[in-house]
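Trainee: What follows is the residue order along each chain.
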Amino acid sequence: MAGVQVSNLSRSFGAHKALDDVSIDFADGGFYALLGPSGSGKTTLLRQIAGFDFPDTGRIAIGGESVERVPVEKRRIGMVFQNYALFPNMSVADNVAFGLSVRGEVKAVIAAEVQRALDLVQLGKLGSRRPHQLSGGQRQRVALARAIVTKPRVLLLDEPLGALDKALRVDMQIELKRIQREIGITTIFVTHDQEEALTMSDRIGILREGRLVQEGPPEEIYDSPKSEFAATFLGDANILRGDTTGTGIRLPDGTAIAAGAGVSLAAGTKASCAVRPERIRIATGDGIADHNTNMLKGQVSKRIFAGNNSTYFVERDSQTIKVIVQNTGIERLAEGQEVVLSWSPESTVLIAVS
Amino acid sequence: MATTRILEWLGRLYIWLLLAFLYLPIIIMALMSFNVSPFYQLPFEWTTEWYAALWQNEQLISATRNSLEIAIITTIICVVLGSAASLALFRYDFRGKKFLQALLFPPIAIPWLITGTAMLIFFFGVGIGRGLFAILLGHVALALPYVIVVVSARLQTFAPELEEAARSLGANQWQVTRRVTLPWIMPGVIAGGLFAFAVSFDQFVVSYFLSTPGQTTLPVEIYAAIRKGFTPEINAVSTIIIVVSMALMLLTARFFKFGGEK
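Those protein sequence lines, which keep their order, are chains P and G.
Oh and the first sequence: position 203 is 203 in the working numbering, straight run, nothing missing.
Oh and the second sequence: position 127 is 127 in the working numbering, straight run, nothing missing.
There's no promise every hint is true.
What the hints assert, rightly or not - Partial list, derived from the structure: chain G residues whose beta carbon lies under 8 Å from chain P: (1) Ala53; (2) Asn57; (3) Glu58; (4) Ile61; (5) Gly127; (6) Gly131; (7) Glu161; (8) Leu162; (9) Ala166; (10) Ser168; (11) Leu169; (12) Gly170; (13) Asn172; (14) Arg178; (15) Trp184; (16) Pro187.
To be verified - For lysine-lysine, the following DSS-like pairs were computed, each having C-alpha atoms within a straight-line distance of at most 30 Å: (17) Lys98(G) with Lys17(P); (18) Lys177(P) with Lys166(P); (19) Lys17(P) with Lys97(G); (20) Lys297(P) with Lys322(P); (21) Lys177(P) with Lys74(P); (22) Lys226(P) with Lys322(P).
No lab work stands behind these hints, which were simulated from the structure alone.
Every residue gets a Cβ at the ideal spot worked out from N, C-alpha and C, and that includes glycine.
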């Protein structure tokens, strides 16, 4: 087991910069999600850490040892592929045994280790099956058992849950997290699913166009995004744009919005404020007039009822603001109704416009 | 309803005619190898004398041995070189790869008569001359593209992540090839090997150009024997070859469903 340090990593394919000066410290034993849209470089970064491809510049260290020029077969990593990549010509047990077998372990040791790994992923009785006889979730478990049986220094997962249906995916998230805790292995997880990143990881790194946009614990990124991209990619956010007043912004129509979090900026420059839909209160009439509260008037244009909550789309000054209201059974607003939106400065994050 | 019936019936007739067209000459030849009359005369009288005579025909036996040896060695060389070439074309990107792949097809299309002439001139030019070794070289050159084409087709169905997965588990290049890639392409290798064997064993034109009297292969020897005067021993040797090669084909088809397994 070991931590992974990536420093100033860059990799280009022709004119395309797949990774641009990325530095991340993956702590020993942590569960780390690399999140980004397709083409953001998250898979390229994972393949660099695995050793399938070498960087143009920069350093990769596993457990303090420089590995950026070490080929994958000598890096002692474990990897789970998006489509599992189980060997079709081998049984489940032989798949799991592969890593130990190529290392020349003796048969008795291999058999015992394979059984332990299969028991860990709760497939102890299926060793003699062939991969094509298994369900998607079972294949996923075999791929995981095969990756960890060799006791790798780091576990790399490339969108491992992408091919599973929703209910199974949630089960596997819990399962994966349990196994990761049990063996305490440093885990790096590539996903484009923000919910998966939020629920599973200790830390998240958001990538965009080959650059690391923001990095930190899920709560920190969600509560204080440092860019409009981070705010809208991880969770949902309303973005209000205007001129800074130092501690907030003034919208084009003159309304002042106070921000309690985010950067402090010199007055007069362009900036935006991000507000999460669930932090906004929605009311008819004059609402709560409080000098600590940001307030906007608008008109409900659409309401989507989702059982436990409702999403309201409120139009104001040619902008749509999204509000999510828990279903408490008290208030249901109709489309076309005039409303007042209010939220606290603490729920408002000031973001510099780059 | 009636038209469907007729169509169905015509379809069946078509299949039977096709099979008759393919097999009737072979069946007649096989029957005649057991007939007393050497001139295809009826009524049919059973005998095995032609098979006994075959044993005495030193020239036919030695030509058969030459043919088998050359076909087996050709198959081994082509399977090894061809599979390695297919793997290289699959794994690596290099300058001129497309060009090289395109160059693999023309030898299949060039008439053997022309290839044979070209080889004869070339082998004389470089001092190899004619003989069994020249025939072997010629057969390898003819059969190699078939193996590469068949194995490459099988590799198209191979998921490259399987090699990556094997490497991530610590397997070196050789272990990856032997334990993951080869088992997958094996049906293609076997099919390619059968092709190579058939190309070599059936080869007449190139062998005819490159052989010397007394140092020749079975098809060339059969041709020479027919020119001298037809004997039912030819029927006998042909029947043996057909039975052996059909048994080989059926056996292979039974063990490997070509391109089937997913």
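Trainee: Each of the hints needs a verdict: does it hold here or not?
Mentor: How the hints compare with the structure:
no.	hint	in the structure
1	Ala53	49 Å, violated
2	Asn57	47 Å, violated
3	Glu58	47 Å, violated
4	Ile61	42 Å, violated
5	Gly127	45 Å, violated
6	Gly131	43 Å, violated
7	Glu161	4 Å, holds
8	Leu162	5 Å, holds
9	Ala166	7 Å, holds
10	Ser168	4 Å, holds
11	Leu169	4 Å, holds
12	Gly170	5 Å, holds
13	Asn172	6 Å, holds
14	Arg178	10 Å, violated
15	Trp184	7 Å, holds
16	Pro187	11 Å, violated
17	Lys98(G) with Lys17(P)	27 Å, holds
18	Lys177(P) with Lys166(P)	17 Å, holds
19	Lys17(P) with Lys97(G)	26 Å, holds
20	Lys297(P) with Lys322(P)	13 Å, holds
21	Lys177(P) with Lys74(P)	27 Å, holds
22	Lys226(P) with Lys322(P)	20 Å, holds
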